[in-house]
Amino acid sequence: MMKQNIEPQLMKNGGTVDLSLVESLNYDEFSRCLLAEVERGGRVAALFGVPGVGKKDDLELFAIIARDRHATIAVYRTEVGTSFPSLATSCPQIQLFEREIAEQYGVTPTDHPWLKPVRFHRVWQGETDVWGRPLDRHPLPGDMEFYRVDGEGVHEVAVGPVHAGIIEPGHFRFQCYGEKVMHLEISLGYQHRGIEPMLLHGPHPSTMAQMETIAGDTTIGHGLAYCQLIEALSGCEVPARAQAIRAMGLELERLANHVGDIGALAGDVGFLPTASFCGRLRGDYLNLSAALCGSRFGRGLVRPGGVLFDLDPTLENAVQTRIDEIEGNTLGALDLFFDAPSVLSRLEGSGHVSRSVAEDLGLLGVAAKACGVPRDSRFFHPTGIYRKVFDELITEETGDVWARAHVRYREVIASINLLRQIGKNLPAGPVKVPVGPLKANALAVSLVEGWRGEVAHIGITDADGQLRRYKIVDPSFHNWSGLAMALRDEQISDFPLNNKSFSLSYCGFDL
Amino acid sequence: MLDIISERIRQGFRTGKFPKEEPKLAPRFRGMPEFSSECPQGCQACEQLCPFDACMIRNGKMAIDLGRCLFCADCQACPEHRINFSNEYRLAVRNRQELLYSGGEYPLAKPLEPARLKLLGRSLKLRQISAAGCNACEADCNVLGTLVFDLGRFGIQFVASPRHADGILVTGPVSENMRSAVLDTYEAVPGPKVVIVVGACAINGGPFIHSSETTKGLDSLLPVDLYIPGCTPQPYTILDGLLRLIGRREQRG
Ligand code: SF4
Ligand code: SF4
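So the sequence lines, in the order shown, correspond to chains B and R. Numbers 2 to 512, taken from the numbering used here, label the letters of the first sequence in order. Numbers 2 to 254, taken from the numbering used here, label the letters of the second sequence in order.
Just so you know, these hints were derived from the structure itself, not from any lab. The beta carbon of each residue, even a glycine, is placed where N, CA and C say it ideally should be. Not one of these hints is a red herring.
Footprint (simulated), chain B over chain R, 3 or more residues, beta carbon under 8 Å:
hint, stretch
1, 9-20
2, 144-157
In silico contact screen, one side only, chain B against chain R (beta carbon under 10 Å); selected entries:
hint, residue
3, 277
4, 278
5, 340
Bound conformation, chain B alone (with noise of 0.2 Å):
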């Protein structure tokens, strides 16, 4: 019998709740709630697998659902024996996560649709691999069934993993008629460092490197989610002025990163002047981020319980100078593109995603945005200073290449108005204060707005304070199911230009 009206924990982002409050349901109450969350509107932010305190193979489900229209988040929490029913056909947003908990734990999700590994690495506990590899072994990447198209004039064509550019490695397989493609799948791995077993046992004093460095491109984006989390785990309150440095080194990533993405783009569809002009600005943002902190990618700026950095007057006025200063320069180079009308040929209508699968997908950020699906972490889940600053929510309608790269072009003016208001009212006071020990048997969840979508971390404690989970999902951990999708029908040859306008990391899907 299923219990009536199951009442979640509830909790802030940046907050934690207390393990023992956290109910166990059984699999089928586990699954319906799940289920009728979704239907509701929550999204799955992450659903993982930690192993049992007591016996070795025991392993419990967590789901971490977030309910934007609420600012909420609700924990799920269930056990689980040597397999579970795949609740992936109903919910294919979660499909990606139960091969992860396969893959992880060799516990199998039955009647899973697409049942396959995820980054080619040995199962981290028990004795078996759900795809039968020898445990001996290192698996090797790529090794695995394939999607397959067969008829007269369908063609396969397979890339990767090493590109034709500075790229990272990563294996993508074309079923193709003609030029047009009919499915593309994608195949990853190859940058796994195995980096969330490190965490056991933390905090360790190599910790936050790696944290800064799951995806170097999101260095604050990272960096920030755990150090919020570290927060939340130790109660610790982040002075006002470290939240605004924090806020300024989100944003200046978030600058560079889309002002690069444009150029790039423009590269992809041979517009040059754009393409050479954002090649530079984007380098003018990360230099803004290496005149707070010494790193153009943002390394050693944020800190549990703060910032390491502070800006005097000078070094304010500096930054301040600079924003004006290359504003007009990078509106200048984004008009151009925008209004050229051989460029908006290339980007109109190219590599579609409707607002349906965008939802369906669970996809973040730019790429849901594109789409008409409000999806913004410093929108529904504020921390810091963004509960008093951020009240711009841009989406498009088209789902096209066209609509992502809008969605950038006005986020680059809304982060560029955003550095501003904060510059000018910088709170005075302390950037960092100490952090005490974590608590014990707590779960905690971090939700921070990086540049290419939400980025969560989500942190269990066992009984002496110390990390016995650490969950990592950057937004690419949704969104490469989109670019899959958005080829469909497209021409092979558009899907480097397709491919830009998702810019997804390899490292921070690998992890």
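Based on these hints, arrange chain R with the ligands on the given structure of chain B.
Just chain R with the ligands now, kept in the frame of chain B:
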């Protein structure tokens, strides 16, 4: 068309004067370490405290392995705070052991041997391989192609096919999953081949030095000609190293 031209004029001419003029780096940039005083007798705290095994005591003196060091803003190695990071960005060397630095003269990279240089002529074509880093080293290699650095003016170019390359430039700690792709790509380059590693990851594992999923540095797999330290190396550190390797930078340091 006219608006493109007027925008072009407004954006101005931006290619830097490097190497004739030294680059202006952010004052907070962390480059070559400096040691502010002598270590207290018998202290070996740093050997334990650096999370990335970059610090050690050699002949009674503290030495930092620049191949492992991440140039952390909150260097945890020395409880006496003896380590400062200067603005010196020139860090590339030719041999792994030269990265162990304990102050004094630093053996900046010498050019390739004359016979190999002659073979290259005035061009160096590199196949970049990204192997499980964080993609920031890659980004700072890519940036060398933008007009500020304009790598092409030195005859250096990143090419798509290893068959067109004179060598490889590797970033990342070479994961188990990338090992064979790295070796295959290396094989596909016609000899004699140049091998360059960029970043702490590719030199010795970087932040992932203790991971069981990574190889501890490319030189455990292949002979390396040039080491460019940093996490992330400044683009000028990379450019300076490449130019030194092909003898296009004065040797005085
Ligand atoms: S900067 Fe970081 S890696 Fe380098 S010695 Fe200090 S703690 Fe170790
Ligand atoms: S050396 Fe540092 S910056 Fe370079 S890839 Fe490794 S982690 Fe990233």
